[in-house]
Amino acid sequence: MAISPELFKPLDKNRVQADEARPSITYWQDAWRRLKKNPLAITSLIFIALLTLTAIVGPFLSPYSYSDQDFDNIHLRPCREHPFGTDNLGRDILVRTMYGARISLAVGFVAAITTCVIGVLFGGISGLAGGKIDNLMMRFVDIMYSIPFLLWVIMLIVILDPEGSKGVNLSSIFIALGIVYWLPMARIVRAQILSLKEQEFILAATTIGAKKRKILLQHLIPNVMGSIIVTATISIPEAIFTESFLSFIGLGVSAPMASWGMLASDALTTLRSYPHVLVFPAVAICITLLAFNFIGDGLRDALDPKMRK
Amino acid sequence: MNTLLNVRDLEVEFRTYAGVVRAVRQVSFDLNAGEVLAIVGESGCGKSVTAQSIMRLIPSPPGKITGGSILFNGEEILAKTETQMQKIRGNDISVIFQDSMTSLNPVLNVRTQITEILRLHKKMNQSQADARAIELLSMVGIPEPQTRLKSYPHELSGGMRQRVLIAMSLACDPKLLIADEPTTALDVTIQAQIIEVLKNIRQELNTAIILITHDLGVVAGLADRVMVMYAGNLVEQGTVDEVLCDPLHPYTWGLLRSLPRLNMGPEDKLKPIWGQPPDLLLELDRCPFLPRCEHAMAICAQDRPPAFNGKASHTVNCWLQHPMAPPTSRPQEVG
Amino acid sequence: MNNPIIEVTNLKKYFPLGGGFFSQAEMVRAVDDISFTMDPGKTLGLVGESGCGKTTVGRTVIGLYKPTAGKILFEGADVSTASKADKASSRRQMQMIFQDPYASLNPRMTVGDIVGEPLDIHHLAKGKKERRERIQYLLDLVGLNPDHVNRYPHEFSGGQRQRVGIARALAVEPKFIVCDEPISAVDVSIQAQIVNTLEQLQDELHLTFLFIAHDLSMVKYISHRVAVMYLGKIVEINLSSELYAHPVHPYTKALLSAVPIADPTLERKRKRILLEGDVPSPINPPPGCCFHTRCNRAIGVCKEVIPEMQDLGNGHLVACHNYH
Ligand SMILES: Nc1ncnc2c1ncn2[C@@H]1O[C@H](COP(=O)(O)OP(=O)(O)OP(=O)(O)O)[C@@H](O)[C@H]1O
Ligand SMILES: Nc1ncnc2c1ncn2[C@@H]1O[C@H](COP(=O)(O)OP(=O)(O)O)[C@@H](O)[C@H]1O
Ligand code: SF4
Ligand code: SF4
Ligand SMILES: [Mg+2]
Ligand SMILES: [Mg+2]
Numbered sequence: 000m001a002i003s004p005e006l007f008k009p010l011d012k013n014r015v016q017a018d019e020a021r022p023s024i025t026y027w028q029d030a031w032r033r034l035k036k037n038p039l040a041i042t043s044l045i046f047i048a049l050l051t052l053t054a055i056v057g058p059f060l061s062p063y064s065y066s067d068q069d070f071d072n073i074h075l076r077p078c079r080e081h082p083f084g085t086d087n088l089g090r091d092i093l094v095r096t097m098y099g100a101r102i103s104l105a106v107g108f109v110a111a112i113t114t115c116v117i118g119v120l121f122g123g124i125s126g127l128a129g130g131k132i133d134n135l136m137m138r139f140v141d142i143m144y145s146i147p148f149l150l151w152v153i154m155l156i157v158i159l160d161p162e163g164s165k166g167v168n169l170s171s172i173f174i175a176l177g178i179v180y181w182l183p184m185a186r187i188v189r190a191q192i193l194s195l196k197e198q199e200f201i202l203a204a205t206t207i208g209a210k211k212r213k214i215l216l217q218h219l220i221p222n223v224m225g226s227i228i229v230t231a232t233i234s235i236p237e238a239i240f241t242e243s244f245l246s247f248i249g250l251g252v253s254a255p256m257a258s259w260g261m262l263a264s265d266a267l268t269t270l271r272s273y274p275h276v277l278v279f280p281a282v283a284i285c286i287t288l289l290a291f292n293f294i295g296d297g298l299r300d301a302l303d304p305k306m307r308k
Numbered sequence: 000m001n002t003l004l005n006v007r008d009l010e011v012e013f014r015t016y017a018g019v020v021r022a023v024r025q026v027s028f029d030l031n032a033g034e035v036l037a038i039v040g041e042s043g044c045g046k047s048v049t050a051q052s053i054m055r056l057i058p059s060p061p062g063k064i065t066g067g068s069i070l071f072n073g074e075e076i077l078a079k080t081e082t083q084m085q086k087i088r089g090n091d092i093s094v095i096f097q098d099s100m101t102s103l104n105p106v107l108n109v110r111t112q113i114t115e116i117l118r119l120h121k122k123m124n125q126s127q128a129d130a131r132a133i134e135l136l137s138m139v140g141i142p143e144p145q146t147r148l149k150s151y152p153h154e155l156s157g158g159m160r161q162r163v164l165i166a167m168s169l170a171c172d173p174k175l176l177i178a179d180e181p182t183t184a185l186d187v188t189i190q191a192q193i194i195e196v197l198k199n200i201r202q203e204l205n206t207a208i209i210l211i212t213h214d215l216g217v218v219a220g221l222a223d224r225v226m227v228m229y230a231g232n233l234v235e236q237g238t239v240d241e242v243l244c245d246p247l248h249p250y251t252w253g254l255l256r257s258l259p260r261l262n263m264g265p266e267d268k269l270k271p272i273w274g275q276p277p278d279l280l281l282e283l284d285r286c287p288f289l290p291r292c293e294h295a296m297a298i299c300a301q302d303r304p305p306a307f308n309g310k311a312s313h314t315v316n317c318w319l320q321h322p323m324a325p326p327t328s329r330p331q332e333v334g
Numbered sequence: 000m001n002n003p004i005i006e007v008t009n010l011k012k013y014f015p016l017g018g019g020f021f022s023q024a025e026m027v028r029a030v031d032d033i034s035f036t037m038d039p040g041k042t043l044g045l046v047g048e049s050g051c052g053k054t055t056v057g058r059t060v061i062g063l064y065k066p067t068a069g070k071i072l073f074e075g076a077d078v079s080t081a082s083k084a085d086k087a088s089s090r091r092q093m094q095m096i097f098q099d100p101y102a103s104l105n106p107r108m109t110v111g112d113i114v115g116e117p118l119d120i121h122h123l124a125k126g127k128k129e130r131r132e133r134i135q136y137l138l139d140l141v142g143l144n145p146d147h148v149n150r151y152p153h154e155f156s157g158g159q160r161q162r163v164g165i166a167r168a169l170a171v172e173p174k175f176i177v178c179d180e181p182i183s184a185v186d187v188s189i190q191a192q193i194v195n196t197l198e199q200l201q202d203e204l205h206l207t208f209l210f211i212a213h214d215l216s217m218v219k220y221i222s223h224r225v226a227v228m229y230l231g232k233i234v235e236i237n238l239s240s241e242l243y244a245h246p247v248h249p250y251t252k253a254l255l256s257a258v259p260i261a262d263p264t265l266e267r268k269r270k271r272i273l274l275e276g277d278v279p280s281p282i283n284p285p286p287g288c289c290f291h292t293r294c295n296r297a298i299g300v301c302k303e304v305i306p307e308m309q310d311l312g313n314g315h316l317v318a319c320h321n322y323h
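First to last, the protein sequences are chains B, D and L. Position 128 of the first sequence, counted from 1, bears residue number 127 in numbering that gives the first Met the number 0, the numbering being contiguous throughout. Position 191 of the second sequence, counted from 1, bears residue number 190 in numbering that gives the first Met the number 0, the numbering being contiguous throughout. Position 189 of the third sequence, counted from 1, bears residue number 188 in numbering that gives the first Met the number 0, the numbering being contiguous throughout.
Please keep in mind that the hints were generated in silico from the structure rather than gathered at the bench. Take the hints with a grain of salt, since some may be wrong.
[What the hints assert, rightly or not] From the structure, some residues in chain D lie toward chain L, with a derived Cβ separation under 7 Å: (1) Thr188; (2) Ser257; (3) Ala311; (4) His313.
[Unchecked claim] Subject to a maximum C-alpha distance of 27 Å in a straight line, what follows is the list of computed DSS-like cross-link-like pairs (lysine-lysine): (5) D/Lys198 to L/Lys252; (6) L/Lys252 to B/Lys213; (7) L/Lys174 to B/Lys211; (8) L/Lys86 to L/Lys125; (9) L/Lys174 to B/Lys213.
Don't be surprised by glycine CBs; every beta carbon is placed ideally from N, CA and C.
Whenever a hint applies, use it, and build me the whole structure from the sequences.
Encoded structure:
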């Protein structure tokens, strides 16, 4: 380029563009972008979405219902009419597995929601209040922790369902799991709130006159949301597993309702001669638990503020 | 004078989510033995990355030295293997960081941390190393070095920890000491103590020092030469008197005008540089300071200013130094 | 002379240290018996080494901490004994600007909501339109682009975030603002931007500032009077030009001589008063004059008797046994 005196005229300041900062993205957009780069988490997400869809509409599309018995066709191997085969009462295993998915997913999601509501409020109030109240509330959590989870759940189910011999009401399982699963959530939320509470933006909210309730709901909880979501996601597979286990040992939903644990338990008696009856519910449980764990891990990475750049 | 360090056209990049951050762009400078060179500039302008490149301490990935050469004692640093670098680090070149708490190992006492270096690099036995450690601690002004040897980092105050770090970095008589904001986290009274220590070191040991700071006051007290960086670029370098008393780059003017001066009357106002530095993701083929510059000319928007040499020791990357540019004198508040 | 807007007398703030359910905790004497007054429309600078209690003074004065002892009068009325409604209104008149531009804004809220929150809490804007206009007015006032209301804090630089904090504090139309090291965490070129903005706002809105900082040259520039703190006590107060020209207390002298000047010729000629050692712990402050462990002029009495604050005239106060 030739250098001419022309080039040394002062530049019109109004025409100079200020340097623009990088384009704006919110925390959630950023997290989503990171999550998208995690193939395992995305595959799992799609799998869970499809599973949920199947669980909801699948049983309607099937010609059989979960309780239809057909004694002419017991212990069928997978075939055209019964892609997953039939069980010892001639019930279609495909529809029963889909139905089981309904119950298992419902248990998982309901547990996650109760975990969130009770755990976040308990942990939030404890962390925000601090001092003696915090101390008392956390000792309560410690005591709850010292009793084994399963013992709790079994005790609660027995109390909630006195005539448990005939099988257990679904809602009692929900309640039992909910009461137990909020504990880790409460601890995590409390710990985060304790450290956030010292940040200057909370002091700033206090100086402009914000009430405690507003500080908790508007300033603290949104900033803990990342951990809440991760913890809740991870509590889903735990709840599903617990429910399956309860059904397996006979404390689950009452027959002829089906849950994955119950299907597995039913299959056990005939395991030697008809192993395929066990395979389908067992595989369903495994893949689902794995998928939820992948999603949980993916979310943890995506929402971790240390990964932000 | 013999040149200890010779850096030419250094380029460093970081690959991030948002794109490639060009943190250091075409930076060249020399450092003579026993000289104190200060690097100043705003946060994020590439001071630390420049210093880390000399030690080959750029975290990789995401970082990478993508161009240029760094000659230390005439040898190319960028061509050395990692094993060779480990010999150089701590031996010929050592570094002190801003955060003295995380730079020391919290579970080892001062004695272990200092003598470890001596035994490793200098092959001393424990009693020789102990004697040298005491010598080093008293050199950096730690009272009762014998008893202090047994202390753990958390038992020391911030100023003490910074001294211990300096003592450790001097253990092997390095030829070059890189001090990255050694006083930024300290109070002024403690900062004054540390500056005294650094002054003594360069007088007694003739160690060359690269001092990174954003405090021009610290620079004035300690440095022989100064480089001013802006958005990854070197914009002005020269002796401390040239840069602080007779600066030629509008950015240096702006920095000096932002500081309160002693002789300010009640009516005098500070003159801030409005706006903010550019994002280093941007590829700028113009003067990086353009949007904030009061003297910008048409050519500034078209081409990056090359380095102009008024005096051999003083280079300025600004089109105002071109013979065809209109004569512009520095604002009267400066200097 | 106007009546002072703030009068602080014998203020103490002690923090219990650790302490479990039952055990009696040790006390951190963060602020130990200090008194000062502030004139409306003026700036009082507060300087001292870190941990000497500057932040605690600021937070106690605006009511974030409950004082352990002492009185704080805001426009002549005692804040701590006021009725609940009065307390709320005086709270509103006293605001704070924080040190860390990154920690002082909620990262999940837009700038509009951050500045709008105080408007909502105190019902200062009727309707959406007025709220929006008010927010834009405030952003404009502190030199930010009013179109940026929907941006999030992380999209702004340190200096811009600090302005958002200033706009939030101004939203409730305060008379008195504590600026707690508002420039310590930003770059030199941005420091001047913020200090200029604060000065301009003071002129326009007749604000009173308590300006806390450890950058002594900036404090001198912005303050009308300066108080020097050491270990929870004020050791000297004077008009800022006087304090810098004729420091009297040995600590003030040492502190001023430690400030580096960006002028190599001056720096070379300068004789420093180097202080030995570090600030003692505020849990067990030394008896007598708390500075005697580092003072080069200490005399026998300094180790036993706490020096009284003495008035040397013209509002120059100093606490040292060497001045009578
Ligand atoms: N590990 C990294 N990954 C990505 N970008 C980086 C990394 N380290 C540094 N950078 C970028 O390089 C640029 C220069 O950084 P550098 O640490 O050298 O700044 P600095 O001048 O030392 O600033 P400060 O005064 O804040 O220490 C910045 O834009 C920074 O964001
Ligand atoms: N909330 C608190 N709890 C316990 N100690 C505190 C608290 N806030 C401050 N302190 C202590 O009080 C002293 C003064 O602190 P501060 O006012 O923050 O000092 P400065 O602002 O001058 O740096 C310090 O020793 C500090 O550790
Ligand atoms: S090159 Fe032009 S825009 Fe850049 S500093 Fe010089 S005059 Fe200003
Ligand atoms: S009272 Fe004594 S120890 Fe304290 S500052 Fe004065 S001379 Fe020094
Ligand atoms: Mg740095
Ligand atoms: Mg403070």
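Hint by hint, here is what the structure shows:
1. Thr188: Nearest chain L Cβ about 5 Å off; hint holds.
2. Ser257: Cβ of D/Ser257 sits 4 Å from chain L, so the hint holds.
3. Ala311: violated, 19 Å
4. His313: violated, 14 Å
5. D/Lys198 to L/Lys252: holds, 22 Å
6. L/Lys252 to B/Lys213: violated, 47 Å
7. L/Lys174 to B/Lys211: holds, 25 Å
8. L/Lys86 to L/Lys125: Between L/Lys86 and L/Lys125 the Cα gap is close to 24 Å, so the pair holds against 27 Å.
9. L/Lys174 to B/Lys213: Holds - the C-alpha atoms of B/Lys213 and L/Lys174 are around 25 Å apart, at most 27 Å.
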